[in-house]
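Participant: Chain residues, written in single-letter form:
Number of protein chains: 2
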Amino acid sequence: MYVILVYDISFEENGQKVLSKVFKICKKYLHHVQNSVFEGDLTEYQILALKAELNVHVRKNLDSIIIFKSRNKKWLDKELWGIQEDKTSNFL
Amino acid sequence: MYVILVYDISFEENGQKVLSKVFKICKKYLHHVQNSVFEGDLTEYQILALKAELNVHVRKNLDSIIIFKSRNKKWLDKELWGIQEDKTSNFL
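Read top to bottom, the protein sequences are chains A and B.
Going from the first sequence to the working numbering is simple: count from 1 and add 388.
Going from the second sequence to the working numbering is simple: count from 1 and add 388.
One chain only, chain A, in its complex shape (with noise of 0.2 Å):
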């Protein structure tokens, strides 16, 4: 399953710090592509495990996460302009 997930971390309420492990859960799991999106293709139950971890710390009344899953990562074109993220970056 090709998984693309975009997320979006209020600063209220200490959000820094959950900001921050939310992007290293997620730089577990896929590759950061730009400031808040990340990709990359996992199965079934790495998505169900990305997504407990998660659970921990977003906020739903604040933050939020959108996951969209393409069946085959053979039906998604993908175009990029400007800037890659560098991929060693390990903070966003």
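Heads up, some of the hints might be wrong.
Unchecked claim - Straight-line Cα separation of at most 25 Å, DMTMM-like style, residue types lysine to aspartate or glutamate; simulated pairs:
no. : chain 1 : residue 1 : chain 2 : residue 2
1   : A       : 462       : B       : 400
2   : A       : 412       : B       : 432
3   : B       : 409       : B       : 467
4   : A       : 457       : A       : 441
5   : B       : 412       : B       : 400
6   : B       : 462       : B       : 432
7   : A       : 439       : B       : 465
8   : B       : 461       : A       : 429
Unchecked claim - Chain B regions said to be covered by chain A (calculated; three or more residues, Cβ under 8 Å):
no. : region
9   : 420–434
10  : 446–452
11  : 459–465
Claimed, not checked - Computed, partial: chain B to chain A, Cβ under 7 Å:
no. : residue
12  : 394
13  : 396
14  : 407
15  : 413
16  : 456
17  : 469
18  : 470
19  : 471
Don't read these hints as lab results, they were simulated from the structure.
Backbone N, C-alpha and C fix where the C-beta goes; we use that ideal spot for every residue, glycine too.
Position chain B against the provided structure of chain A, taking the given hints into account.
Facilitator: Showing chain B alone in chain A's frame:
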């Protein structure tokens, strides 16, 4: 063609103005679903028109735009956690 567009506009060199222009152009073609994330169903012609408009403002050395395209919306599942973008948001 189902499109997901994400952008990361640098605040350098008058970036706030670029951001506002890019946001308004994207709003013309797509639904604003999260901070810098838009989605919607577009024809090939509309995608070309959107890109032509964005191309005037986006700085390839500073900004980043990623366009994911799925030939069919049915091939793309979407999951949303937390707060939804306010449908009437006219500025991020």
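Participant: Holds or violated: the region 420–434 of chain B covered by chain A, criterion of 3 or more residues with Cβ-Cβ distance under 8 Å?
Facilitator: Contact hint for the region 420–434 of chain B vs chain A: holds, 5 residues under 8 Å.
Participant: Tell me whether the statement that chain A covers the region 446–452 of chain B is true, taking a Cβ distance below 8 Å and needing three residues at minimum.
Facilitator: It holds, with 7 qualifying residues against the three required.
Participant: Please work out if residue 412 of chain B and residue 400 of chain B have their alpha carbons no farther apart than 25 Å.
Facilitator: Between residue 412 of chain B and residue 400 of chain B the Cα gap is close to 19 Å, so the pair holds against 25 Å.
Participant: Check the hint pairing residue 409 of chain B with residue 467 of chain B against an upper bound of 25 Å on the C-alpha distance.
Facilitator: Violated: residue 409 of chain B and residue 467 of chain B sit about 28 Å apart, past 25 Å.
Participant: Quickly compare the C-alpha distance for residue 457 of chain A and residue 441 of chain A to 25 Å and report which way the hint goes.
Facilitator: OK: residue 457 of chain A and residue 441 of chain A at ~18 Å, within 25 Å.
Participant: Have a go at the residue 471 of chain B hint: is there a Cβ in chain A nearer than 7 Å to its own Cβ?
Facilitator: 5 Å, holds
Participant: Against chain A, run the beta carbon of residue 396 of chain B and see if the smallest gap drops under 7 Å.
Facilitator: 4 Å, holds
Participant: Has the given pair, residue 412 of chain A with residue 432 of chain B, been kept, meaning a C-alpha gap of at most 25 Å?
Facilitator: 36 Å, violated
Participant: The hint names residue 413 of chain B as touching chain A; please verify it with the least Cβ-Cβ distance against 7 Å.
Facilitator: At about 13 Å, which exceeds the 7 Å cut-off, the nearest Cβ of chain A leaves the hint on residue 413 of chain B violated.
Participant: Would the pair residue 461 of chain B and residue 429 of chain A pass a check requiring their Cα atoms to be no farther apart than 25 Å?
Facilitator: Holds: residue 461 of chain B and residue 429 of chain A sit about 19 Å apart, inside 25 Å.
Participant: Could you grab the alpha-carbon distance between residue 439 of chain A and residue 465 of chain B and see if it respects the 25 Å cut-off?
Facilitator: 15 Å, holds
Participant: Is the interface hint satisfied for residue 456 of chain B? The criterion is a beta-carbon contact with chain A at less than 7 Å.
Facilitator: Holds - the Cβ of residue 456 of chain B comes within 7 Å of chain A, reaching about 5 Å at its closest.
Taken one by one, the earlier hints fail for this structure at numbers 1, 2, 3, 14, 15, listed in ascending order.
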